[in-house]
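Colleague: Could you use the hints to bring the two separately framed chains together as a complex?
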Amino acid sequence: MKQERKILSSKVFQNQWFLLLVVIIGISIFTTILNPRYLHLNNIINVVEQISSLGVVAAGATILIISGNFDISVGANVGLSACVMAIMIRADISPLAAVTAGIFVSVISSLLVGYTSILFKAPSFITSLACIGIFRGIALAITGARFQNIFGRFETIGTTRLFNTIPLLFIIALAVFIAVFLILKYSILGRRIFAIGSNPRAAYLVGIDVNLNKLIFFAIDGLLVGIAATMMLSRIGSAQASTGSGMELRAIGAAVIGGAVMSGGKGSILGTFLGVLLMGVISNSLNMMQVSPYYQDVTFGFVLLIALGVSSLSQAKKAGS
Amino acid sequence: MTDTRTSMEEQPLLEIHGVTKYYGGHQALHNISLDLYGGEILCLVGENGAGKSTLIKIVSGAIIADAGTVSIQGNSYTALYPRQSLDLGLATIYQDVELIDSLTVADNIFLGDEYRSRSGFFVDTTKQNEKARQILDMLHIEINEKVLVENLSSAQKQTLQIVKALHRESRILIMDEPTSSLGYEETRSLMDLIRRLKSQGIGIIYISHYLEEVFEIGDRVLVLKDGEYVGMYNRDEVDPDFIMRKMVGRDASVFFSRKKSTIGKPVINIINMNWKESVVDVSFTVHSGEIFGIGGLVGSGRTELISLIYGIVSRDSGEVLLEGKRVNIRNPKDAIRNGMCLITEDRHKYGMFQEQSVIENITIAHHQKAGRPLISMVKDRQLADQMIEKLDIALADGNQIVTSLSGGNQQKTIVARWLLDDFVLYIFDEPTKGVDVGAKQQIYGLMEDLVEKGKCVIMVSSDMPELISMSDRIGVMRNGSIVKIIENTDISEEELIKYFISG
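Chains as they are written, first to last, in my numbering: chain R, 468 to 788; chain P, 658 to 1160.
If you're looking for bench data, these hints aren't it; they were derived computationally from the structure. Check each hint, because a few of them may be wrong.
Listed below are the simulated BS3-like cross-link pairs for lysine-lysine, each with C-alpha atoms no more than 25 angstroms apart in a straight line [claimed, not checked]: (1) P:LYS1026 <-> R:LYS652; (2) P:LYS1110 <-> P:LYS922; (3) R:LYS588 <-> P:LYS990.
Note that the coordinates shown come from a computational prediction; the quantities given were computed from them, not determined experimentally.
Just chain P, with the same shape it has in the complex (with noise of 0.2 angstroms):
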């Protein structure tokens, strides 16, 4: 640590001051500062929803900050844009691989950069490659540049991003989960290649949830929460605990107390399931009354847990037992016919019928199931005012456009679509992601309703106060697999979120 800073130039690379962002009136980040200096490795970490994507896209002009400004190498703005950010040397690597694959190694790094033949019409592909060999060596990675990106593994591709970065001599690199599709090994050449890069004095922003990989190559380590500042700590005088408490440690009020039902007969037996690698051999039973959580990072196989029960993808092996039955469930038509329902994640991609009105979108599920050929507007009308009125869905007219509603409202009509009619399981996928605090309590009510009613319910929830105070069990996913199954009387987000990392 010691021996970096006096290696530092004496202005840093990056800061950023005040920095406020809100989305509606929900604020993702709260006057957030921080200073990036060369051959620095400084680790963001926080919970999903923490606000570290919000402040990395701020920092590299993607998205505008309501307050404060952001400096690179010494030039201050209020807004920035992305092609500002790249030509002031900072390059972001974003999670999802931005290459493309019909093209080689050497042109993705070149790409919108070419070097030109003398005529400026064709590709000079053989200094193009020479190049591109260069660099390569330069960092010690073993790929060929002539291959095409297609044929690379998901470590390569990562690598390739930030040669791609690199290469226009950036300064200052941001990495968001670089790791999160990495085995082992591929993980280690990784830090060894960030090590590298921090050798030749570039500033690296590192946001992982690993916090072993945190401690290995950090050198600072920026904790936020709920987009709020809480510390920035020097690796050295910290521990993962403590980190871990500074990530998680919030008041009490975020919890919502629930009212418990009685557990009944076990209604839904999940049989060895398996899918591709997604889903390994994850076996669990829920009961009547019974609401049973899915926890675990992002890419740990929640949603395709979930999208195996409801049909949407079809298994490689395992069985589902429903009430004793043994159920093939080949598509979500036959989960539906087979009492099951799935409240679904991203509504804008996968629940909402946009262009229609909210009566249009609270029954159509209904009417799917009914089966009758002709719809009685008046039926319509009544059955959807009946939910709005539930669910104090706020509109001025059930025939307005289900898009006008506001971000909790729209996520109320989507669960009012599957309260027509009666189910035996009710899949929640974060109930309550983007939805603000009195809609929330509102969805929290339904769920407690429905297991009173005797029925099941699964969810799934990055959000950890949600799946602490909302379920009966936890079953906590990792690599695919339900690796254990808390029973929830008084657990600590501390420890979900050891369960979470590791054993």
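Looking at chain R on its own, in the form it has when it is part of the complex (with noise of 0.2 angstroms):
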């Protein structure tokens, strides 16, 4: 009997993406209400194009804080990788060696914050805050803080359209969330995410390398990091060093709002996404409703105070029974 309620309650909370599902759909009814144009299919279009490399940067995102780390300097590094892609686009390099370099520059960043946390046994969390200084700095330093225009010489991936209305965009980005999910679900890496955030000693004992894996779970993230600067500089035509710029926080706010628990061991790459189109939509809505963009912030930051407060609730639930 006991038992039963508990497995009862787990699957409800497993099913958090379903209350996510009902909160979307219910804000998107009360938009449509007050402005029919939101169903528009140019508008919806325009939603899943905007969350597109948002999505990949909170895919990584998930990996990381399942795995029981944690990377702020992700919108940094965007911005370092996206300047780096426009540079040398504008020095008429081809964008194929452009986009290979910035994902490599991508990868190498969050390579230094997982090989610094693990070499000085701090937490990913203080290493990325150090690593977001490193990052923009250099941006800045690379571009001379000067707007870099690419006038449209690479915009192949963020104007191409499937069947005239599907954005490539949110193709890749679906991509990545189906191999993300795979990943976790049905390969040994995914099992060693769930073991090292659950916890990192019996991980160790049964023989897991826990450091080894680490840096395997950031270079993962840096290169999710690299495609979301492609997609990024492809779609609006032009970097600067403040590209991407919290966009760490909204990433790792749509993994926690999808059910990822900071402690690690815990979270779903479908609540992930859910999360995503969540913000997405809000943003939008907020839009159509003409509120000024600043309280946009602060819905955000309400949003994710009350997905906070729902798991845990339902943690405390948990525990109570």
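Modeller: See the structure below:
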């Protein structure tokens, strides 16, 4: 009896995505009533396009959070990577080479966060905090703090639409989500992500090389950051040192809204996807309702707090039962 | 004895009446009563798991009893909170030192209760140092009140804990194994300090594994066994052998009658292992088909020894031969690759992946060993189901989160993890700690099966009946060394505990 109830409540908890879906639909209905333009195809395309690069960063954040790590330098890393690409493209280097170099930079940057965290036995939260300054500083230095316009020389990714409707950006984001889903669920790497996040000492004792795997997680995160930077650059057509700022908070926020727990060991990529979608929907709704953009951040903040509240309440309930 | 009695106040400082405590279905304490008078040292003895710690936790308010009352200086409680017991003048000194290394001796003594400057904002360090000096002088303790605690020896820290407790004018002092980390000289001076406290009319409950100490300073001795009250004895009327018999004597039903297997070739040779001061020159051999038990008191180096064998810490010197070949094990991964596995002591800390399902918890080690990048969910479930059936793990569904199982089933899940593959050596660290009787029998049965198949088992255990009934031989550890290896033909608990404590 008691066991049954526990299973039941854990099932409901796992279905946090169901709750999110309800909220997303609720907001959509509400906004549509106020402004029917919300449901126009163009607007929907706009929403998914906007959330695509955030989604890719959030997918990386999900892996790190589940593994018990934390990288708040991803926003700065996106900026640095995008600037490297933009400068190279402006110098008439082929976009492919530029993108490769940019992704290389983001992977190295992310590894720096992970490696210093291992080396100094410090939480990656702290080392990533230090790295924000380094990444932004380098981006400022190499761009001379100037705006790097690439004048439409790299817009294929950002503008292509399948069947003239579905943005390629969204397809890329979906592909990333599916890949991360498969990794988390069906690969030994995924098991290690959960195991290390859940109990690193126990993971070590069953023969998992915790440090090496941590580096792998950061490398994957860096790769995703690089992909996101590419997507952003292609869509916006320019980069500057501040590109991507604030992205880390939205990405981590989306993962947390989706059910990832800061202490590690728990989280779902489907939840993160819905978290990202919720952020996109809220932002778009506020635009539609002509709310000042300043209030968007206020709203995100509150949404995150509510999500934390809901998850801590259901945790407490679980502990109590 | 008689002269202390006359100087006592008529009312006891501490009275415990009918205290009972259950953990789940397990009875940790049953109907325990005692009284403690000023100027008296009451020694509390019993084996690991006898209920000593539970009892002092109830008295200090750390946990609440299911039944019974605690009266401190005439105030009677059924539920007591830590703050209340402190305010009533009862101080408990636990084994682990609770001091702040970065503060001075004086600061630590007055922590939470500082002398303030006139404005009330600053700490009046001068006055605090002065007061600290007075207390230290009064107790004849030669510690400089201005040094940082991190510079003190472990004995000085132990002493400081007592001083800290006394500055609150505690009338009752409870000490849990205060000498377990102390050397001979340090123990002597602690004993002197305790005697001085006694002469000042303080009532002391003293918990120790060392009967020599008990007989040196105790006035009365209370023996607990499996949570039951065995008896209260005047020190002068009994001898250590008598107390020892009372501590361990129990009915044969707690023993498991094990089927012995044929002992084969030597499988693992540990040769002159050394690590810091915790493991000193340890050598032994375990054969196929053999369970080698390792016994000893807490802190004797048992856990450190198996950590060394399993590569969790790297040895300073020594060799390991596995099936005759020299192996270099630098981490658990190496150990597993060479055919060893470790069923850890504290499953919450070192074993379970708390947020994950039973299936994931069972298959994790197998996947690590197999090293294939992809996982088949169907096969995973089959593997897990096979183990769930074999070990009779009670659950509703394999996808259940592991922490939703009972303690015994959690432990079986952890053991199951290592049964999906073949290993040469199985190391069990406290295999049945916190596990109910049924699960215990099953785990024993499993160990029998392993050795029957010619595997070898090293088992560290604090559970005397377990050690005696399961082991083919018992290695006794004391101060980091294996001081004796006993052929386990027919040893009694009394004999064994004697080896644990001394020669």
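Colleague: Each of the hints needs a verdict: does it hold here or not?
Modeller: Against the structure, the hints:
1. Between LYS1026 (chain P) and LYS652 (chain R) the CA atoms are separated by roughly 19 angstroms; this keeps the pair inside 25 angstroms, and the hint holds.
2. Taking the CA atoms of LYS1110 (chain P) and LYS922 (chain P), the gap is near 13 angstroms; set against the 25 angstroms cutoff, the hint holds.
3. Between LYS588 (chain R) and LYS990 (chain P) the alpha-carbon distance is near 21 angstroms, which keeps this suggested pair within the 25 angstroms criterion.
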